[in-house]
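S.K.: Protein chains in written order, with this note's numbering: chain D, 1 to 182; chain Z, 183 to 347.
None of these hints come from the bench; they were simulated from the model.
Everything numeric in this text was worked out from a predicted model, so none of it was measured.
Please note that the accuracy of each hint is not assured.
Here are the in silico distance ranges between beta carbons for each label pair [what the hints assert, rightly or not]:
{"id": "1", "chain 1": "D", "residue 1": "P116", "chain 2": "Z", "residue 2": "L195", "range": "48 to 58 Å"}
{"id": "2", "chain 1": "D", "residue 1": "G28", "chain 2": "Z", "residue 2": "K242", "range": "29 to 39 Å"}
{"id": "3", "chain 1": "Z", "residue 1": "Y206", "chain 2": "D", "residue 2": "V122", "range": "55 to 65 Å"}
{"id": "4", "chain 1": "D", "residue 1": "G153", "chain 2": "Z", "residue 2": "H210", "range": "22 to 32 Å"}
{"id": "5", "chain 1": "Z", "residue 1": "F236", "chain 2": "D", "residue 2": "L119", "range": "52 to 62 Å"}
{"id": "6", "chain 1": "Z", "residue 1": "V191", "chain 2": "D", "residue 2": "I92", "range": "35 to 45 Å"}
{"id": "7", "chain 1": "D", "residue 1": "G153", "chain 2": "Z", "residue 2": "F203", "range": "47 to 57 Å"}
{"id": "8", "chain 1": "Z", "residue 1": "A283", "chain 2": "D", "residue 2": "T95", "range": "40 to 50 Å"}
{"id": "9", "chain 1": "D", "residue 1": "I101", "chain 2": "Z", "residue 2": "H210", "range": "38 to 48 Å"}
{"id": "10", "chain 1": "D", "residue 1": "L42", "chain 2": "Z", "residue 2": "F203", "range": "39 to 49 Å"}
{"id": "11", "chain 1": "D", "residue 1": "V122", "chain 2": "Z", "residue 2": "F203", "range": "26 to 36 Å"}
{"id": "12", "chain 1": "Z", "residue 1": "A283", "chain 2": "D", "residue 2": "G12", "range": "49 to 59 Å"}
{"id": "13", "chain 1": "D", "residue 1": "T95", "chain 2": "Z", "residue 2": "G214", "range": "27 to 37 Å"}
{"id": "14", "chain 1": "Z", "residue 1": "Q239", "chain 2": "D", "residue 2": "I101", "range": "31 to 41 Å"}
Built from N, CA and C at the ideal position, the CB exists for glycine as well.
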Amino acid sequence: MEAIVDFALLAGLAAWAVAIVRLRSLFGAAMLFGIYSLHCALIFVVLDAVDVAFTEAAVGAGISTVLILGTLAITGIKLEVRHTRALIPLLITGTIGAALIYASVDMPLVGDPNAPANLHIVPDYIEGSATEIGIPNVVTSVLASYRGYDTLGEVTVIFTAGVGVLCLLGRGKPKRSRKPRG
Amino acid sequence: MEHHIVLRVVAKLLIPVILLFALYVQFHGDYGPGGGFQAGVIFGAGLILYALIFGLQTIKKVVTPSFVHYMSGVGLLLYAGVGVISLFKGGNYLDYSFLSADPVHGQHLGILLIELGVGITVAFVMVSLFYAFAGYRQADLKVPPDTGHEATEKARDAVLEREPQ
Numbered sequence: 001m002e003a004i005v006d007f008a009l010l011a012g013l014a015a016w017a018v019a020i021v022r023l024r025s026l027f028g029a030a031m032l033f034g035i036y037s038l039h040c041a042l043i044f045v046v047l048d049a050v051d052v053a054f055t056e057a058a059v060g061a062g063i064s065t066v067l068i069l070g071t072l073a074i075t076g077i078k079l080e081v082r083h084t085r086a087l088i089p090l091l092i093t094g095t096i097g098a099a100l101i102y103a104s105v106d107m108p109l110v111g112d113p114n115a116p117a118n119l120h121i122v123p124d125y126i127e128g129s130a131t132e133i134g135i136p137n138v139v140t141s142v143l144a145s146y147r148g149y150d151t152l153g154e155v156t157v158i159f160t161a162g163v164g165v166l167c168l169l170g171r172g173k174p175k176r177s178r179k180p181r182g
Numbered sequence: 183m184e185h186h187i188v189l190r191v192v193a194k195l196l197i198p199v200i201l202l203f204a205l206y207v208q209f210h211g212d213y214g215p216g217g218g219f220q221a222g223v224i225f226g227a228g229l230i231l232y233a234l235i236f237g238l239q240t241i242k243k244v245v246t247p248s249f250v251h252y253m254s255g256v257g258l259l260l261y262a263g264v265g266v267i268s269l270f271k272g273g274n275y276l277d278y279s280f281l282s283a284d285p286v287h288g289q290h291l292g293i294l295l296i297e298l299g300v301g302i303t304v305a306f307v308m309v310s311l312f313y314a315f316a317g318y319r320q321a322d323l324k325v326p327p328d329t330g331h332e333a334t335e336k337a338r339d340a341v342l343e344r345e346p347q
């Protein structure tokens, strides 16, 4: 039963991807991207990664769709159709895809307790989350405490991205009257 | 959006629930799924929904752009500041065990504060991104409207490739 659900979800994801590539309307493609993200969130729920599913549903299906639509409002919704041979890109994509599938055969199963990644430091985190930190949600204690530096870096990246967008798109006309501080 | 009465009514009912849910995800992240990032994007999405339904000018009266820009920095400073406090208390940077006499209580406090910092930064960066995109109107660029004619297409291309004023 679980295999059927997994297969149906992955097949649906591939179907959305093909539909987005084939669609010529950018507005339609933007909406399909939202559906694609919602579909990804479903897959994350099946994988028991509820935290990621939350994020994917809110960012992917919500905010990024709005931002893409905002971009379309600025640039227009027409796509210039170019008929060019895409042999080399097809070859590169096919080769990398085949290599990834070949590599995935050797990967440990999802949630395998004997996988190398789950043997090194993960047991310490799982035990320490209850004793050292006292928080039931291991994800939070890893993100916020054991990997606090990484999360600080991530927040800095988000802040920097916001500043970058403000630099590019501007926050209104600059005030001419303001003099530089000496 | 003035005629979309269904959207307006449903949004008015939903937005308080969305914001409340964001706060729940924020402060319940220690015990259930969620945390600062998830709460931040849900809160930001709630504010963006309000702006979509009731207009950019309406929300800018309540959540002013300068407030949004300051708050995106405040969250990051809160996070980094917790690390500095733990330095002053004698521990390593971001070692929350030193924040309180009881190490476990210190960890609780530290995680609560830094998750709050993450949530504030994420929420207001999302809103400021939306302000930047939505406020960047064609009128400001003097872009001719998209009529589909070849001549206007060329004019649009010429204007859009130019450096925004």
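S.K.: For this structure, which hints from the list above don't hold up?
M.R.: 3, 6, 7, 8, 10, 13, 14
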